[in-house]
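Undergrad: The chain contents come next:
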Amino acid sequence: MDEDVLTTLKILIIGESGVGKSSLLLRFTDDTFDPELAATIGVDFKVKTISVDGNKAKLAIWDTAGQERFRTLTPSYYRGAQGVILVYDVTRRDTFVKLDNWLNELETYCTRNDIVNMLVGNKIDKENREVDRNEGLKFARKHSMLFIEASAKTCDGVQCAFEELVEKIIQTPGLWESENQNKGVKLTHREEGQGGGACGGYCSVL
Amino acid sequence: MAARDGSGPRLPRVAEPGVEGEPRLPTGRELTEANRFTYAALCGISLSQLFPEPEQRSFCTDFVAGLVKWLDLSEAVLPTMTAFASGLGGEGADVFAEVLLKDPILKDDPLVITQDLLSFSLKDGHYDARARVLICHMASLLRAPLEELDLLEETFLESLKESKEEDSESAEASRKKKENRRKWKRYLLIGLATVGGGTVIGVTGGLAAPLVAAGAATVIGSAGAAALGSAAGIAIMTSLFGAAGAGLTGYKMKKRVGAIEEFTFLPLTEGRQLHITIAITGWLASGKYRTFSAPWAALARSREQYCLAWEAKYLMELGNALETILSGLANMVAQEALKYTVLSGLVAALTWPASLLSVANVIDNPWGVCLHRSAEVGKHLAHILLSRQQGRRPVTLIGFSLGARVIYFCLQEMAQEKDCQGIIEDVVLLGAPVDGEAKHWEPFRKVVSGRIVNGYCRADWLLSFVYRTSSVRLHVAGLQPVLLQDRRVENVDLSSVVSGHLDYARQMDVILKAVGIRTKPSWDEKGLLLAPGSLPQEESRQVAATSSSDQTTNQDGQTQGPTSRDIPKAAIPPDLHQAQVPAGLDQSEGASLPAATRPAESPPLCSHGLGANPLGCLACARETQGPCPGLD
Chain A
1 MDEDVLTTLK ILIIGESGVG KSSLLLRFTD DTFDPELAAT IGVDFKVKTI SVDGNKAKLA
61 IWDTAGQERF RTLTPSYYRG AQGVILVYDV TRRDTFVKLD NWLNELETYC TRNDIVNMLV
121 GNKIDKENRE VDRNEGLKFA RKHSMLFIEA SAKTCDGVQC AFEELVEKII QTPGLWESEN
181 QNKGVKLTHR EEGQGGGACG GYCSVL
Chain B
1001 MAARDGSGPR LPRVAEPGVE GEPRLPTGRE LTEANRFTYA ALCGISLSQL FPEPEQRSFC
1061 TDFVAGLVKW LDLSEAVLPT MTAFASGLGG EGADVFAEVL LKDPILKDDP LVITQDLLSF
1121 SLKDGHYDAR ARVLICHMAS LLRAPLEELD LLEETFLESL KESKEEDSES AEASRKKKEN
1181 RRKWKRYLLI GLATVGGGTV IGVTGGLAAP LVAAGAATVI GSAGAAALGS AAGIAIMTSL
1241 FGAAGAGLTG YKMKKRVGAI EEFTFLPLTE GRQLHITIAI TGWLASGKYR TFSAPWAALA
1301 RSREQYCLAW EAKYLMELGN ALETILSGLA NMVAQEALKY TVLSGLVAAL TWPASLLSVA
1361 NVIDNPWGVC LHRSAEVGKH LAHILLSRQQ GRRPVTLIGF SLGARVIYFC LQEMAQEKDC
1421 QGIIEDVVLL GAPVDGEAKH WEPFRKVVSG RIVNGYCRAD WLLSFVYRTS SVRLHVAGLQ
1481 PVLLQDRRVE NVDLSSVVSG HLDYARQMDV ILKAVGIRTK PSWDEKGLLL APGSLPQEES
1541 RQVAATSSSD QTTNQDGQTQ GPTSRDIPKA AIPPDLHQAQ VPAGLDQSEG ASLPAATRPA
1601 ESPPLCSHGL GANPLGCLAC ARETQGPCPG LD
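Residue numbers (our numbering), protein chains in the order written: chain A, 1 to 206; chain B, 1001 to 1632.
Please keep in mind that the hints were generated in silico from the structure rather than gathered at the bench. Think of the CB as a built atom: it goes at the ideal place given N, C-alpha and C, for glycine as much as any other residue. Each hint should be verified, as a subset may be incorrect.
[As the list claims (entries may be wrong)] If you anchor each label on the Cβ, the simulated ranges turn out as follows:
#	chain 1	residue 1	chain 2	residue 2	range
1	A	93	B	1075	28 to 38 Å
2	B	1052	A	141	42 to 52 Å
3	B	1124	A	31	57 to 67 Å
4	B	1066	A	36	38 to 48 Å
5	B	1087	A	100	29 to 39 Å
[Said to hold, decoys possible] A few chain A residues that don't get close to chain B, going by computed Cβ distances all over 12 Å:
#	residue
6	8
7	49
8	71
9	107
10	132
11	144
12	159
13	172
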């Protein structure tokens, strides 16, 4: 089946409990939204194939549980991940403040250093915003991450977030080529991505 | 669905433990939700690593799906578990294991998961060989001693068999062991009784079901025990242990199958066990090895062992022929020379010595007949196993020479059938006169869940000789390793233990140790325990351990466990010959040597020096009536 798939990428979604990680994933994979979504147990797993710049990539997305009691398991998911989506809630400053902890963990457990990180500020549909877009952008720039604000509820920026991430990963050949060789997939041709900016004003590729 | 609380919901017990005063013992369901998740995930990952073949996929996913339900985890984790079971996310297995090891409940008792998995695997009355391999794997990941699994399985059976505990035992060690057992018994029964719907395992194949229920009532209370006696419970018992409890010994060949004239299972041991071992003898000889069970006196893989009696007439002929060939080659020097010629791989069909070729007709005919019959018997055995005459529990097959050939054809036949998976746990082929080319062994991966052991001896000139004219002569499994890349396949070079084909019967206990199969400690070849007076102190304690009918006591685990694990690979060769020299001179010095090389402990090991006779020490074989020379 997946003959035209360029590569399989392992993507990880992390962030504090209740910021909407699972909702983002659900919106991305099934295009649905459930305001009453139960807390994730351990980790959730979904697969989706997307096409970026004519390259098809199969995404194996691991959506981790944010709750403290499942934290001990998180280190195991970092291994072999090519992209990480770090999510915070724009209506809860504490989730933004704790991003530093998550970055520390990321640095500690990631097995490669060229991994692509993306910061997502979720729930921008809500009124009571506590974290300004510029703050997020500044934080992302400081830690050389991609940045986007999104809403799983209104579908704003969700698709973009994943596409940008995948595009960046594909532009970093060392990141996924070795994976391919391990699996014995032959690459006949590879089209270079055209660089970021596909999402207009929302995305800032840094 | 609302978010779950931190500790996760706990199942209400169907039956509270009947005995008061003791703290309630944990089962898998009492772990925190996070750790139940981890436990299930680790099982999923382990399954995908143990059974990566696509045809095993459905077993793996079904198993974890069942486990999710068993552990009372949310359905939401199913896709994740399925992903784990199909080989994704395996990078983090060690993190999962570490997390589990830190769990306070598991820290106290690493066996919780072993017993929980065991209960889970048995709940449908079907003990799949793959499940047992998984349990062993999980036990090693969680650093729970493997011997304990056997103990758990035994306890499981015992708890259902005995109507009440007898307290007549006075010895402290024995009392402690019993206490330990009683504890586990309650774990297991509680684990099972809470499944609801009366899923139970049985001992006596349904015949003693009411009794079983009565016995269980004293342990888990009448509510839980009621389920045990139910019709469903009886059905499960029957399924686990074979039709109406008769099992393998009750099997009779209804009509002549093909060319087979004799085919029966003889019990080697009295006990019952959740997994069985079938040993298959390769030939019969006059004297000590005239019975099928003789070579297997030391075998102690499980408490329920059988040996297959097949075609005695032809195997006897073969054995006689083998001995004739030996006496035909009276010149030991010639034999020795032959051994090295074979070893160097120079032998072509034409370079065999004339003296040997002149007696070739003696062996060629019976050998040919037995080759043919062993293949037939193997196929027949396959269909018996496939029809689950032995019950739905894992089977381990061990055979030497033509017995190994029976196994080879049994596996080959099974591999062609649909439901061949999860029946065979391990197979051990010793000196197998079969094609050793990897491509012929590949289908076995589907059939065998655990290990595929090929014990070979490069210097086995007899095997080389009987294959001299055959096209497979370059790939005989009994002469060289089978080069199949799979976690299951283990090639064990027995050249230092086996110096001739006949040694496979004579040195069986050493060989079994070398390939990592448990043997009875201090078991004399004749099946008699050595007189305690003639043994060093350490050994008499081991004898005591044997007589208390338990192979897994602590002291046993310490003295036997490590050595049998250490030996299999390269450990033997240099030691063995050296160990022969001081035989009998200094027993205390012997204590520092590995068990397999200690002459006192393994009497069949020749004390005349193995090098003298490539076909095993004849002097020793003759002297077995008296005590081993090493002990005088």
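Undergrad: Next step is simple, just say for each hint if it's right about the structure.
TA: Structure-based check of all given hints:
Distance hint check: the CB atoms of residue 93 of chain A and residue 1075 of chain B are about 35 Å apart, consistent with the given range 28 to 38 Å. Distance hint check: the CB atoms of residue 1052 of chain B and residue 141 of chain A are about 44 Å apart, consistent with the given range 42 to 52 Å. Between residue 1124 of chain B and residue 31 of chain A the beta carbon distance is about 39 Å. The supplied range of 57 to 67 Å is therefore violated. Between residue 1066 of chain B and residue 36 of chain A the CB atoms are about 28 Å apart, so this pair departs from the stated range of 38 to 48 Å.
With their beta carbons about 35 Å apart, residue 1087 of chain B and residue 100 of chain A fall inside the hinted range of 29 to 39 Å. Separation of residue 8 of chain A from chain B is inadequate, the least Cβ-Cβ distance of about 10 Å not exceeding the 12 Å criterion. For residue 49 of chain A, the requirement that its beta carbon stay farther than 12 Å from each beta carbon of chain B is met, with the minimum near 15 Å. With a minimum CB-CB distance of about 9 Å to chain B, residue 71 of chain A fails to clear the 12 Å threshold, and the non-interface call is violated.
With a least beta-carbon separation of about 17 Å from chain B, residue 107 of chain A lies farther than 12 Å from that chain, consistent with its non-interface assignment. The Cβ of residue 132 of chain A sits about 30 Å from the closest Cβ of chain B, beyond the 12 Å cut-off, so the non-interface label holds. Non-interface status of residue 144 of chain A relative to chain B is upheld: no Cβ of that chain comes within 12 Å, the nearest being about 25 Å off. Every CB of chain B is more than 12 Å from the CB of residue 159 of chain A (nearest about 21 Å), matching its label as outside the interface.
At the 12 Å boundary, the C-beta of residue 172 of chain A stays outside the reach of chain B, the nearest C-beta of that chain being 20 Å off.
In summary, the structure is inconsistent with hints 3, 4, 6, 8 from the numbered list given earlier, while agreeing with the others.
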